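J.: Sequences and hints are given; from them, build the entire structure.
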Amino acid sequence: MLAVFDKSVAKSPEALQTPNSSGSISALKDGWLANEFANLHPGSVTVNLGSAGIMAHSVDKQNPFLPRIFAVVDDIFCLFQGHVDNVANLKNQYGLNKTANEAIIAIEAYRTLRDRGPYPPEQVVRDFNGKFSFILYDTLAKCTFLGADAEGSVPFYWGTDADGCLVLSDDSDIVKKGCGKSFAPFPKGCFFTTSGGLRSFEHPSKELKPVPRVDSQGDVCGATFKVDQDSRKESSGMKKVGSEANWSSNY
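Counting in this note's numbering, the sequence shown runs from 129 upward without gaps.
To be clear, the hints were calculated from the coordinates, so they are not data collected in a lab. The structure displayed is predicted, hence computed values, not measured ones. Hints are all accurate, no fakes.
So the derived label-pair ranges between C-beta atoms look like this:
{"hint": "1", "residue 1": "214", "residue 2": "153", "range": "39 to 47 Å"}
{"hint": "2", "residue 1": "279", "residue 2": "174", "range": "26 to 34 Å"}
{"hint": "3", "residue 1": "325", "residue 2": "220", "range": "28 to 36 Å"}
{"hint": "4", "residue 1": "158", "residue 2": "217", "range": "42 to 50 Å"}
{"hint": "5", "residue 1": "258", "residue 2": "135", "range": "30 to 38 Å"}
{"hint": "6", "residue 1": "348", "residue 2": "154", "range": "19 to 27 Å"}
{"hint": "7", "residue 1": "280", "residue 2": "153", "range": "25 to 33 Å"}
{"hint": "8", "residue 1": "158", "residue 2": "357", "range": "42 to 50 Å"}
{"hint": "9", "residue 1": "244", "residue 2": "213", "range": "22 to 30 Å"}
{"hint": "10", "residue 1": "257", "residue 2": "200", "range": "20 to 28 Å"}
{"hint": "11", "residue 1": "280", "residue 2": "344", "range": "18 to 26 Å"}
{"hint": "12", "residue 1": "226", "residue 2": "153", "range": "39 to 47 Å"}
{"hint": "13", "residue 1": "226", "residue 2": "344", "range": "44 to 52 Å"}
{"hint": "14", "residue 1": "223", "residue 2": "325", "range": "28 to 36 Å"}
Simulated crosslink set (DSSO-like; lysine-lysine; CA at most 30 Å straight-line):
{"hint": "15", "residue 1": "157", "residue 2": "270"}
{"hint": "16", "residue 1": "270", "residue 2": "139"}
{"hint": "17", "residue 1": "189", "residue 2": "259"}
Every residue, glycine too, gets a C-beta built ideally from N, C-alpha and C.
T.: As C-alpha cells, then:
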C-alpha cells in the first residue's frame, strides 16, 4: 500500500526530516511515486485525491497472514493491512453487518469519532486487537487518520519528500525512493491525525520524543519516536460534533 499526502492535510513531524536529505524527490509531481509503485506491483489501483495527494492499493506479493484491504465509504478511503482478532465484537460495537471487513470497521470507527464520538481517539485504536496498520483519508473533512499496532507487527514506514509531503507504505524501498534518508518505521502503538499529530494510544497522557537514527552507512536518517515517561500530556477528549463538522478541528 502507498499514500502520499500534501503537507496541507498531513504535516510531517520535523524530526522525520533530515537536513539536505540526498535522494528525496517530489513524490506527487507527474504521479512519479505512484507510477513507481505501479511498476513494482502490477495490477495496483491508484486513487487521485486531487491537491491532497494519492493512495494506492495492491494485493501483489502480499502476506496471506497480513492481507491488504482497500475500502471506500462516503468519500472516506481506507488502506488496511493485517487482521483484527476481535472483529465480531467491533462489528457489534459499531452496528455493522457480518460482511464488514477490517477496513470498513476502521472507517466506521473514524466516522463515530468524527460525528458523535463520546470517547478519545486513542481508545478507538486501542480497541483494535491484532496485527495491523491503516491509512485513512476523509476527502470531505480533509483529514488523515493513521495507526499501527503496539508490537509493530506489520511493515509500515513513513517519510518526508522534497516538498514536505508525507509518504507512507508497507514497502520501505518505495518510501526510500520518495524520501531518501528522511524516513523511518512508523512508531509502534501510535496513531496520527491531521491536527493532532503523532500520539501514543498506549500512553496517551505521555509525550513522544524523537530518537536520532543512523543507518549502516553512518548517515543520519529520519528519527524514530518513543514515549517520554517523564512527560505528561493533557487529555484531549473528542467533542461531540455534528455530522457536517470537521472532525480534525475538534482534536
